[in-house]
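Number of protein chains: 2
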Amino acid sequence: MSGTYPSILLEEAVNQFASLPSVGRKSALRLVLHLLRQKPEDVEAFAGSLTKLKREVRYCKICHNISDTDVCPICSSLNRDRQTVCVVENVQDVMQIEATGQFFGLYHVLGGIISPMDGIGPKDLEIESLIARIEPEEIKEVILALPTTMEGDTTNFYLFRHLTNDHPGLRVTQIARGVAVGGELEYTDEVTLGRSILNRIEFTP
Amino acid sequence: MSGTYPSILLEEAVNQFASLPSVGRKSALRLVLHLLRQKPEDVEAFAGSLTKLKREVRYCKICHNISDTDVCPICSSLNRDRQTVCVVENVQDVMQIEATGQFFGLYHVLGGIISPMDGIGPKDLEIESLIARIEPEEIKEVILALPTTMEGDTTNFYLFRHLTNDHPGLRVTQIARGVAVGGELEYTDEVTLGRSILNRIEFTP
Chain A
1078 MSGTYPSILL EEAVNQFASL PSVGRKSALR LVLHLLRQKP EDVEAFAGSL TKLKREVRYC
1138 KICHNISDTD VCPICSSLNR DRQTVCVVEN VQDVMQIEAT GQFFGLYHVL GGIISPMDGI
1198 GPKDLEIESL IARIEPEEIK EVILALPTTM EGDTTNFYLF RHLTNDHPGL RVTQIARGVA
1258 VGGELEYTDE VTLGRSILNR IEFTP
Chain B
1078 MSGTYPSILL EEAVNQFASL PSVGRKSALR LVLHLLRQKP EDVEAFAGSL TKLKREVRYC
1138 KICHNISDTD VCPICSSLNR DRQTVCVVEN VQDVMQIEAT GQFFGLYHVL GGIISPMDGI
1198 GPKDLEIESL IARIEPEEIK EVILALPTTM EGDTTNFYLF RHLTNDHPGL RVTQIARGVA
1258 VGGELEYTDE VTLGRSILNR IEFTP
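Line by line, the protein sequences give chains A and B. For the first sequence, this note's numbering begins at 1078 and goes up steadily by one. For the second sequence, this note's numbering begins at 1078 and goes up steadily by one.
Because the hints were derived from the structure by calculation, they are not lab data. There's no promise every hint is true.
Identical copies go unnamed one by one, so any copy, or any two together, can satisfy a pair.
[To be verified] Derived pair list, reagent style BS3-like, types lysine-lysine, alpha-carbon separation capped at 27 Å:
hint, residue 1, residue 2
1, 1116, 1200
2, 1116, 1138
3, 1138, 1103
Kindly produce the complete structure, drawing on both the sequences and the hints.
Spelled out as structure tokens, the structure:
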């Protein structure tokens, strides 16, 4: 559907939605017209929730996850393993790992990964604050859980070097890469399959 | 990703986005976190465009399309064929037909179609205003361009009966149904293919 909108107000709202990632102009129009059919107070609530979030959002001053309080519930919990910190790229990753129910330590949200192409260097990320929290918090292990991309590998390497340099006794691990659970070997890419052989572990029946 | 959000503000914004049609919770989170990375004034602009649209939106008092003015540019244009009105379900359909560049008449936006299942009857739609505009506007032809569904057929039938009843000389047509241009017969459903044979037209080389 090429573009003559019957109203500038409509077009502006569509432009806003179409600026979101993976929302095309046709979907944007459908979403805006859906909102237009809702009650005025519902549209105000929709818009209000966004401005309120942006105005009032806080980040945990320890792990930098989004939080409603200065220190997030995970960082202030007495039931977590406080000697282990899992380093992730963003807020979604914390939610993903929490959803597994397999990790009981703390987190550190970098807010991105090192990406020279996008102009993101170590100074743009929460790396200094990570290194600074190791000693006072008596952290024994840092788990690197960053994406398996060139940028992720670069960031892993940078973190490893700085963490072990400043804290020689620290254990630095990374999450296992391998064939997905339920995955067929036939459909696994060669690099992943190769790594799953190199990084094989003892079979425990 | 099952649900413990690190912040209630975040969760509320995600709930709002997830209430939109065909936006899941995971997409909603991605969209909200994208907005959160934007400048405060950009988030205000996003939210503002929605509330402004909802507060200030007007509908053309003749064709009921969304409009910034009391009478929309199409209805007030002197270059359109004012004897032909194309009846459509909604605003998107006007834009779709305008984009074809094949129609030069006027429109009438019903604002829906008759759907007893959804509790939408003739009184909920702009049907009376359609019938009322035929005579004063000296309209000679009404083109029915509604969806090919049971509801569309019901609405077509209802409109035909009332339009011809009140205005015996009026020509009522409907858009052609048939095999899509570029479409293979092999992949065309039987009903469409059958209708395309019944409604065959003279071959014009």
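A quick look at each hint next to the structure:
Within a single copy, residue 1116 and residue 1200 get their C-alpha atoms only as close as 46 Å, which misses the 27 Å cut-off; across copies the closest is 20 Å, which meets it. Proximity of residue 1116 to residue 1138 under the C-alpha cut-off of 27 Å is restricted to the inter-copy arrangement: shortest distance 21 Å between copies versus 39 Å within a copy. With identical chains, the CA atoms of residue 1138 and residue 1103 are at most 27 Å apart between copies only, with a shortest distance of 26 Å across copies and 40 Å within one.
Hint violations for this structure: none, all hints satisfied.
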